[in-house]
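Colleague: Letter by letter, the chains look like this.
Protein chains: 2
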Amino acid sequence: MKLKAIGITVALAVAGSAWAATVRDEPIQPLEAAKVTNPGKVELGKKLFFDPRLSRSGFISCNSCHNLSMGGSDNLKTSIGHNWQEGPINSPTVLNSSLAVAQFWDGRAATLKEQAGGPIANPGEMAFTHDLAIDVLQSIPGYVAEFKSVFGSSRVDIDKVTSAIAAFEETLVTPNSAFDAWLKGDDKALNTRELAGYKLFKDSGCVACHNGPAVGGTSFQKMGVVEPYKTASTAEGRAGVTGKDEDRFNFKVPTLRNVELTYPYFHDGAAQTLEEAVEIMGRLQLGRKYSQEEVGDIVAFLKTLTGDQPTFTMPMLPPSSNTTPKPRPFEK
Amino acid sequence: MKLKAIGITVALAVAGSAWAATVRDEPIQPLEAAKVTNPGKVELGKKLFFDPRLSRSGFISCNSCHNLSMGGSDNLKTSIGHNWQEGPINSPTVLNSSLAVAQFWDGRAATLKEQAGGPIANPGEMAFTHDLAIDVLQSIPGYVAEFKSVFGSSRVDIDKVTSAIAAFEETLVTPNSAFDAWLKGDDKALNTRELAGYKLFKDSGCVACHNGPAVGGTSFQKMGVVEPYKTASTAEGRAGVTGKDEDRFNFKVPTLRNVELTYPYFHDGAAQTLEEAVEIMGRLQLGRKYSQEEVGDIVAFLKTLTGDQPTFTMPMLPPSSNTTPKPRPFEK
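So the protein sequences, as listed, match chains G and P.
Just so you know, we're using this note's numbering here: the first sequence kicks off at 1 and counts up by one.
Just so you know, we're using this note's numbering here: the second sequence kicks off at 1 and counts up by one.
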């Protein structure tokens, strides 16, 4: 720690880009803001992300379950889909999802682009088809012009749609949390309790899975290592993708970035509070029974992972034309 | 018109505030941007407008049916409420609603503030109660601090909630349409067809009801004056408020501002296109059968009523606390 402190003093003196050189050597790395290379594509993707016309009902958009006003989640145990269907799993946050090894709790989509097509066509979610969604978009002059401008062709297809949505999602990174400031050398960014919480989080083994810039998202792990996890959820996890029995109840380790905002917790949304989640994780994954004070310390640390939320102007969606297929919310 | 043209020339010469003095003498007046006197209250109201925790499910916010990315409407025939219930009436746009004589199609709320409490407690819409909504907000530290800052007291009540929502809604005015530019003297703001459409709109009597800055919203009128209106809707209109038989099928005249964005049309949302709406209105209200070209002219004029849409940063909602009552989307 002494050496680090010296490093920081130097960085303070030279400031600017030299700062990065003094990042503390920890299992968690600071988040950096996304670099936007194609702003037109991001803007188109943002519109699509907010557009409920990508659903059969005309009512559900990506933002319905990944609400960017609420930490990129819906804060529900499991989500509400077309015709008020109860979803089988908790909606993971879209924030920092570009840093994950794969998408969905079971990792069945390799990329954000691949993921984006899923809910549109899922009968329990947006309940549309890719073809029908494309028919809708192709009938909207404002969209056609934007696709032409971004992709050089006014032919809308699902590949372009999901590529634009993914480009927008890649911008949804949340840098500048208190913990990042601490990682970058600001000793005052965390208070004593938060630091104690981080030390305990690290020393008791949470970082074995919750590591990297996203504090998770880099591996699949069994839910219930030391003790089995009791749940009403029928989700099988990674086994549904690999077909391997040893992957049963293996789920993608969720990011803990902004975890203060993404309640309730776990793939089944069964843990309502951070305290509950920490207590259960300690017991089931590490065989450790944290005291109430220890739980409070770790929760205090976890709340330092809330970063700058994406700030942007609410998008205006181009209006439908007379030929746009009509939404069918109540048709059986 | 000669005198007006002279007035305009003068205005062009002196510019600036003198411009307003030369507004054309028409049954429609230009919209002026809302003046924000209490930005903190507007900001709080914006958050509440976007917050689905004001609904029983935690899924439906004011913005769900009055979507500010889509002309302040949901672009559905009738809206989707709690548990996917089919609403009885088309959601009117929230844009420029502060200019209306009363709120809801039947005018049962005198003010925006009074209106704002309606959907929260309507079992077919957000399906909550005012008391439960207040319990939720009172449990959220970020909201409590904002209520304290805006109202001088950290006690949240429905009066403050609806007052803040109304303050936000009062800002949702859409000035600077092409038609406003023309009203203010810019002869080039409308093309020949748009001008012909406006002339026809005026001369054939549409302005009897669609007048004023909002091009409507100032009176209740019978739907089906010359010919009865055939509809599957059971909405009775103003009679439900006054109890008078002569008020049956009297509805508030909708604003035509941004009408290009607020499809489908009429209280039952039965007219899918502007062309259809104009044709039916001419026939039923005025006993006039417009030719296809005349309909096209009027539609061209109507599209000049699209103004600047409200532009604002997507709000970040303060997170729930451990004591916040949980949303109950699927509980019967």
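In case anyone wonders, no lab produced these hints; they're calculated from the structure.
The reader is advised that the hints may include incorrect statements.
You can't tell identical chains apart in this list, so a pair holds if it fits in one copy or across any two.
Derived DMTMM-like pairs (lysine to aspartate or glutamate); straight-line CA-CA distance at most 20 Å [stated by the list, open to error]:
1) 326 <-> 135
2) 332 <-> 86
3) 184 <-> 246
4) 202 <-> 294
5) 230 <-> 203
6) 222 <-> 293
7) 188 <-> 275
8) 188 <-> 170
9) 184 <-> 32
Colleague: Could you work out which earlier hints the structure fails to respect and list their numbers in ascending sequence?
Modeller: Violated hints: 3, 5, 6, 7 and 8; rest satisfied.
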